[in-house]
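Those protein sequences? They're chains A and B, same order as listed. Oh and the first sequence: position 179 is 179 in the numbering used here, straight run, nothing missing. In short: position in the second sequence from 1, add 1000, done, that's the numbering used here.
Since the hints were made in silico from the structure, they are not lab data. Just so you know, not all the hints are guaranteed correct.
Stated by the list, open to error - Partial chain B-side listing against chain A, Cβ under 8 Å, derived: (1) Ile1006; (2) Val1011; (3) Ala1018; (4) Val1021; (5) Ile1026; (6) Leu1027; (7) Val1229; (8) Thr1230.
All values reported here derive from a predicted model rather than from experimental measurement. Every residue gets a Cβ at the ideal spot worked out from N, C-alpha and C, and that includes glycine.
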Amino acid sequence: MLLLLSILSPLLPIIAGLRRRNNFLWWYAVCSILNEGLVPVVRRCFQAEVAITSNLFALCECCLIFLFYKNKVFPKGTLFYFWLGISLSFFITLTTFDTGWFRLNRLGISVFLIEYIGLSIWGFFTILRQQKILFLEQSSFFWSNIAILIYSSGAFFLFLLTIHIKTAADKATLIQLWNTLFLSLNILKNILLAIALSKKEDA
Amino acid sequence: MKTAGIVILGVSAMLLMAMGVILFVILYQRRVIQSQIEIERINREKQQELLNASIRSEEQERMRIAAELHDDIAPTLASVKLYLSTAALKMTDTPLIQQSKALLDESLQKIRNIAHKLQPSTLYYLGLEVSLQALADMIGQSDSVHAAYISLARLPRLPENTELSLYRVVQELTHNILKHAHPRSLTIESTAVPGQVTLVVSHDGTGITQHLFDELLYKKGAIGLKNIVTRLKSIDASVYFEQVSVSLFTITIQAPIKEVF
Chain A
1 MLLLLSILSP LLPIIAGLRR RNNFLWWYAV CSILNEGLVP VVRRCFQAEV AITSNLFALC
61 ECCLIFLFYK NKVFPKGTLF YFWLGISLSF FITLTTFDTG WFRLNRLGIS VFLIEYIGLS
121 IWGFFTILRQ QKILFLEQSS FFWSNIAILI YSSGAFFLFL LTIHIKTAAD KATLIQLWNT
181 LFLSLNILKN ILLAIALSKK EDA
Chain B
1001 MKTAGIVILG VSAMLLMAMG VILFVILYQR RVIQSQIEIE RINREKQQEL LNASIRSEEQ
1061 ERMRIAAELH DDIAPTLASV KLYLSTAALK MTDTPLIQQS KALLDESLQK IRNIAHKLQP
1121 STLYYLGLEV SLQALADMIG QSDSVHAAYI SLARLPRLPE NTELSLYRVV QELTHNILKH
1181 AHPRSLTIES TAVPGQVTLV VSHDGTGITQ HLFDELLYKK GAIGLKNIVT RLKSIDASVY
1241 FEQVSVSLFT ITIQAPIKEV F
């Protein structure tokens, strides 16, 4: 039930943001649902649990979240491209030469999640510094930051601890717990993104 | 079970930290909003003080000019008239002297009127009601306009600033109506309910509506209309222009009041 809700939850921001298709977070929601849809297809093709779609989705997620923050928190374009380049290079290198594309690059994803935490905190700092937004609850950017910060904070710890799951005695319980927590976070993120995309673009 | 506990604890801690950041942002922003509201309130108060000061100095200047006219120029002209009367007894060219005396009488009357307009003493001593009656009487002296004042409910004495501002606004409005609207009749009505006084100036000339009034306010010039707005703002009053029928225009002024006595 939770899995189904999690798979379908990206529909919320997609529907809420139909009129805001120029927002990168709307495309992020589209990528999420495509990823959720492709996972069973890939599983059937390879007759095994392969993480190529998840790795590719992690790259897309990184690009879209960075692009979302590009004009909002990055004072200079060069810094944005440099940081994005470094992050993508790190993930691609690590996946190619260490984990491989068919296994989930958890370390790479954890690094991405730290970056998202940093970006969202930076986003909050920008809101407070610029004081362009007076009523936060009406701001799309504020809700987007909440969605990204909560999701990244929760998921970061989950990804960080997955190494221990493999060696733990109660592996099955832990996997179930991991799934429950991650799916809950995913649903919460999509609800918050739907709120963000339902708001008007900040002036 | 130990690892499960760590996972739950860790995720909870991370989420709590995230919530802490969000809460901090919300509380900080709330504080910023409160301080902005406070700054706006102080600015508004300062603006109001400046407005009142400018109106006060304008009134003081008017009083000074009125006093000069009334106490200095008018007696001088009266003396000239007296000399002319004495001269008329001694000289033969009496029609010329009579004409000069008539012109002097006219000048004296004009000076008195100007002095009265600048410093309406009835307003200070007898209040707004009597002053509006006097204003209507003065307008009614002209043959082309029939002017009347109707008091629907007795007006109490109001703070000096309120009475003066309301009187000046009605004075400016009637002046504008006579100058631009060319009415045949003009009525000033006043009524008061606890906490509010309402003045209505109605006429059958070529009036303006609220929309046109708002447009005129932003045009170059229109000093009279801008003065009306400034005066009304100084006493938190409002004005509304309306076309009631084809040939009836009204201007309604509503002011909050605190009775003095």
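Here's how the hints hold up against the structure:
1. At a threshold of 8 Å, the smallest CB-CB gap from Ile1006 (chain B) to chain A is about 7 Å, leaving the interface hint in force.
2. For Val1011 (chain B), the interface hint holds, since its Cβ comes within 8 Å of a Cβ in chain A; the closest pair sits about 5 Å apart.
3. The closest approach between the C-beta of Ala1018 (chain B) and any C-beta of chain A is roughly 4 Å, which is under the 8 Å cut-off, so the hint is satisfied.
4. Hint status for Val1021 (chain B): holds, given a least beta-carbon distance of 6 Å to chain A, under 8 Å.
5. Hint status for Ile1026 (chain B) relative to chain A: holds, with the closest Cβ pair at about 6 Å, below 8 Å.
6. At about 11 Å, the closest approach between the beta carbon of Leu1027 (chain B) and any beta carbon in chain A exceeds 8 Å, and the interface hint on this residue is violated.
7. Hint status for Val1229 (chain B): violated, given a least beta-carbon distance of 28 Å to chain A, over 8 Å.
8. Below 8 Å, beta-carbon pairs count as interface contacts, and Thr1230 (chain B) has none with chain A, the closest being about 29 Å; its hint is therefore violated.
Going through the hint list in order, the structure does not satisfy hints 6, 7, 8.
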